[in-house]
Amino acid sequence: MIRFQRYLPVLDWGSRYDRATATSDLVAAVIVTIMLIPQSLAYALLAGLPPEIGLYASILPLIAYAIFGTSRALAVGPVAVVSLMTASAVGEFAQQGTPEYLGAAIVLAFISGLMLVLMGLFRLGFLANLLSHPVISGFITASGLLIASSQLKHILGVPAHGHTLYDIVLSIASHLNEVNWITFAIGSAATIFLFWVRKSLKKMLLGLGLKPFLADILTKAGPVAAVAATTTLSAAFQLGEHGVRIVGDIPSGLPAPQLPSLDSELWLAMAGPALLISVIGFVESVSVAQTLAAKKRQRIEPDQELIGLGASNIASAVSGGYPVTGGFARSVVNFDAGAATPAAGAFTAVGIALATLFLTPLLTYLPQATLAATIIVAVLSLVDFGAIRRTYAYSKSDFAAMAATILVTLFFGVEQGVVTGVGLSIALYLFRSSRPHTAIVGIVPGTEHFRNVDRHKVITSDSVLTLRVDESLFFANSRYLEDRVYTLVAENPDIDHVILMCPAVNAVDASALESLEEINLRLSDSDVTFHLSEVKGPVMDRLKRTDFLDHLTGQVFLSQYDALCALDPLTAHIAESRTPKKTAPSAVWSGPEI
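Residue numbering for the sequence shown is 20 to 613, as defined by our numbering.
In case anyone wonders, no lab produced these hints; they're calculated from the structure. For each residue, glycine too, the CB sits at the ideal point set by N, CA and C. Incorrect hints may appear among the rest.
To be verified - Below 25 Å or equal to it, Euclidean Cα-Cα: the simulated PhoX-like pairs (lysine-lysine) are:
(1) K230 <-> K218
(2) K221 <-> K314
(3) K230 <-> K314
(4) K315 <-> K230
(5) K222 <-> K314
Stated by the list, open to error - The following label-pair restraints were derived from C-beta to C-beta distances:
(6) S578 <-> R35: 52 to 62 Å
(7) P276 <-> W200: 37 to 47 Å
(8) S34 <-> T565: 49 to 59 Å
(9) K555 <-> L140: 28 to 38 Å
(10) R541 <-> F404: 43 to 53 Å
(11) S416 <-> R35: 39 to 49 Å
(12) E260 <-> G110: 24 to 34 Å
(13) C584 <-> F450: 33 to 43 Å
(14) W200 <-> S416: 40 to 50 Å
(15) L140 <-> F232: 39 to 49 Å
(16) D489 <-> E119: 52 to 62 Å
(17) L540 <-> S578: 20 to 30 Å
(18) F214 <-> G442: 28 to 38 Å
Kindly produce the complete structure, drawing on both the sequences and the hints.
In structure tokens:
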């Protein structure tokens, strides 16, 4: 039973499900459904798909996640970034509005689902760590700007195209003389209204005496109000006949189950984008899920989340949808509305299904400008210029990765942006790892503590050189350590002993062991004795399995203080006899490097 619960979390929380929990989930589902209907329509159009596809992608995927997912609050469905990536990937293979385009989107969802499930079964969730937070933040910021700019054509009522910021802006600029002013009035009014709803409506309603729960529901229903008002206006004045682009007829009824195309050429074309969408979607989803779970002292299983999201994407493909993942905004709404279990998502799916069956005829006259306004307001909340400033102040290398991701995404495309960000993150990691922080250390007067000579007033020995290495030793940094030791010895001809201080060394791989052997041999040829101090137990256990300790010219000391007392007792005595002033900087920690 426990093994089944590992892959079917519904068996765990479902066994304890009661009426009170169901009530909480139903209330949350009503609120999320209200929010999700206009979002699903809008994100489908963003992906270049008919609006009903967004509704299809918001039914079975939610039920699949309720069965296989572990987050109590994550709300799965179409999201802006994945919709943009879908449009970018599928647009390279087929023309929008064609059956081939829809078929490619379905295949994309199916392949993404298979990849996520396999990653979960093989516990490969750690691969998402290849995307650093600055890269993810930069990608989302760039995607938000790209998405918002791509929707300006609907606000202005002009034809435009392009998948990069340059192409979009150039295309819109070339059609400015074709602006439909009625469309512009509707789109700009809807955008202003939705921004006002997001920023001020709840505060105003609370000031009028409404209860917080009711005020929150009315605020979340802002997009629905915009849809209802502009649709009514469009129908009453037949704005479609005046050049205002409307959604048009949306088929009623639920999608029939179907299998994706088995065209091998299509599968090969979609495999790369599917992998990127899978990783980006998983990172976004699991970040939201972990944040919300921590607020209630709950936990999620990242590998099972891969299976849950994979099942959701397969369900989306089978029901004629496109790639989905956990959305930040709707998950927060789901959480705040009191969702207690993943059943809230299943109830939301029922609400979307009812809307698909009975409400779609009411959306025929819905202006596309309103949906564009919904997208713009949603994605601009993801743009975080403050993160760029904070990253620049903290780490120039992380800022370089973030800036490169933003620029490449904006001017070359979303897939290129992700690949650039991942590549730079890995390159920067390897560069840092290949140059571990090392420090020459001396003894703090009046203590048994050793600190960096560049940061503290310490006492050092003329004949004993102590080099502290602050990272584990492995193939990528072992040569750097060799060069560092040889250089220091060459610069100090009076040195008789070299001590490698290892309090932060948690592992020594085979390449690093060879480097230690080489250091020991080279120093011996120079009449310098090589010692180790403060070696951790697991590292020492592995060294004992080799003959390195038999050939070591020096000793392995339990503490650095013992090493100094044994090799240069005079310096140790001088340091012990000196009492530091209380305000001496040598006794005060002055930064992350000690």
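So which of those numbered hints doesn't the model satisfy? none
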